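Q: This is what each chain is made of:
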Amino acid sequence: MNMRKGVVPWLLAAMVVLMGSSGVAVAEDAAATVAITIDKTVINDGGTIKVSGRAPAGKPVFLEVWATEHTVRASRFDSDLDKETNKRPYIFYLTEDMPAYYKIFVPKEMKAKIDEEKKLKGKWSYSKLLKEMGAGDAFSIPPKAKIDRYQSSLMASIIGSRGDQLPTMEDKDSRKRAMQLTKARFRSIDKVFGADIDLKPDGSFTAEIKIRDGLSPGKYNIVAVSDKKKSAPAVFENKIEFPLVYMDNAGTSLNIFYPFMLSLCVAIFGVLMGAGGGFIMNPLLLALFPALPHTIVAGTVTPTVLFSQGSGIYNYSKIKFINWKLGCAIGCAMLLGGFIGPKLTEMITLDQFKFAFGWILIILAALMAWQTTPGYLANNKKEQAILNEFKKRAQEAAKAKSAN
Amino acid sequence: MKVEFWGQEFKVNMVIGCIGGFLIAVLASMFGFGGGPFMVPLMAVGLRLPMYLVVGSSLLAIFFNTTVSTMRHYQYGNFDLYFFLAMFPAAIIGGYIAPQIAKRVSPLMVKRVACVGLVLLALNLLGVY
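Line order of the protein sequences matches chains C and U.
Take the first sequence: its position 375, counting from 1, is numbered 375 in my numbering, and each next residue is one higher.
Take the second sequence: its position 122, counting from 1, is numbered 1122 in my numbering, and each next residue is one higher.
Heads up, some of the hints might be wrong.
Stated by the list, open to error - List time: in silico BS3-like cross-link candidates among lysine-lysine, alpha-carbon distance up to 30 Å: (1) Lys1011/U - Lys320/C; (2) Lys1002/U - Lys325/C; (3) Lys1011/U - Lys382/C; (4) Lys1002/U - Lys392/C; (5) Lys119/C - Lys1002/U; (6) Lys172/C - Lys121/C; (7) Lys1011/U - Lys325/C; (8) Lys391/C - Lys1011/U; (9) Lys399/C - Lys1002/U; (10) Lys1111/U - Lys320/C; (11) Lys392/C - Lys1111/U.
Hints were generated in silico from the structure; no laboratory data involved.
The structure displayed is predicted, hence computed values, not measured ones.
Produce the entire structure from the sequences given, and follow the hints as far as they go.
A: In structure tokens, the structure reads:
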């Protein structure tokens, strides 16, 4: 009896092993019809990788390439009019699982379709392009991302919350949203599609894949998809070295000295013109580093400004040059505003951000121009004289006090 | 509201002050700037306060805004540490160097240069070129 009991689990285990191995063999068989090789497995901050492989003859081939080690956040605020219900949904979609790099390469013959979609400028549609090129099967990684969605309302925005979280979506809906989020994250067509595959009639293909610089480090996967079959992933690694540093939240790597030098110049100029650096820093960063998301730019410049303000307040308070009652009273109103603002940054797109900031800068320029007009200067001279007189008195008072 | 400053009393219209401050704060925190250049004219022209009262107190007011918006941006994951570490020391060094240079240049010239620079930046953002 004991012997038999001991044998049964072994038999079961042997069966499992047999079944398992036969399963693997079948999978290999299917994959054998699509296969790829790559010419190198390491690149330094971008580079060109030659991919060659074969697929069933006469069928289009797509290469899905993505970063496996780093993900970034993608968000989209849906306020487009729904054609069926004629209502605006105001739903905020958010995922943290978007690959830091994601691109689908298509055969060269499809370049015309991509170029045509480019003519729509910012209004191009990711899902439409995927469908027209028949590349839907290659779009497999973003749909796996967990997408949260929130029902925004005016009230929720005022108290600065994202709104009520809605139940998770069904696969089909989630897939559609994943396409929109992919577009929202990478924005331009060239970043998500490339027509670089040279496809021969017998089904063999070659492609020179250009990986741009300033991307996330770590391993990347390439998978070829053709006729609903997938190849085994080919893996390459993107290496970056100091002074290039990968910024986790921004999803890009950047030479750390550039923002340092930029910030230095802007800080000096900001003090000279009497404005915090934020006014110049934000637009300059957006113009010089288009890869940085505007939310990160706004969210990181703000604390930088904070410290210069803090030291300013400390210096003024030493000579008692601050009216605490007035400052705190208006400060409370500004507190509320500061609570709401960052929420709104998240809800607008980069283009809206640029548009609004552009007008703010024009207003600021007008204010500056007004401050150089003769009438203002004459008035200001008196004010400045009084200001300096008071400052002097304040400093003397502070000195006298510390001498005591 | 009445405030006293260096022996003088000023009447402040808090309705204008608070509404204006609130609007500036929303924009400032949304786009990530301090807001000083808007706050000073608001208090000097809108509230008719003298410059020597405005300079320190407006700084205090925008400090409230920047503190909260920093916290909120951080909460929403808009803050990137390495990026911050690259810019922050530079901003501090700049703060020390700037007063040395300020003695040697005319403020009027700086403002005019700033004006042109701001318009150029604005046109860039608006996609004119």
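Q: Decide, hint by hint, whether the structure agrees.
A: Hints versus structure:
With a C-alpha separation of about 20 Å, the suggested pair Lys1011/U and Lys320/C falls inside the 30 Å cut-off, and the hint holds. For the hint pairing Lys1002/U with Lys325/C, the CA-to-CA distance comes to about 9 Å; that is within 30 Å, so the pair holds. Proposed proximity of Lys1011/U and Lys382/C is supported: the alpha carbons are some 21 Å apart, at most 30 Å. Using a Cα cut-off of 30 Å, the hinted pair Lys1002/U and Lys392/C holds, with the two alpha carbons roughly 25 Å apart.
With a C-alpha separation of about 60 Å, the suggested pairing of Lys119/C with Lys1002/U is violated against the 30 Å cut-off. The suggested pairing of Lys172/C with Lys121/C holds, with an alpha-carbon distance near 27 Å, which does not exceed 30 Å. A threshold of 30 Å between alpha carbons decides the hint, and for Lys1011/U with Lys325/C the separation of about 12 Å falls inside it, so the pair holds. Distance check on the hinted pair: Lys391/C and Lys1011/U sit about 22 Å apart at the alpha-carbon level, within 30 Å; holds.
For the hint pairing Lys399/C with Lys1002/U, the CA-to-CA distance comes to about 29 Å; that is within 30 Å, so the pair holds. Between the alpha carbons of Lys1111/U and Lys320/C the distance comes to roughly 28 Å, so the proposed pair stays at or under 30 Å and holds. Between the alpha carbons of Lys392/C and Lys1111/U the distance comes to roughly 25 Å, so the proposed pair stays at or under 30 Å and holds.
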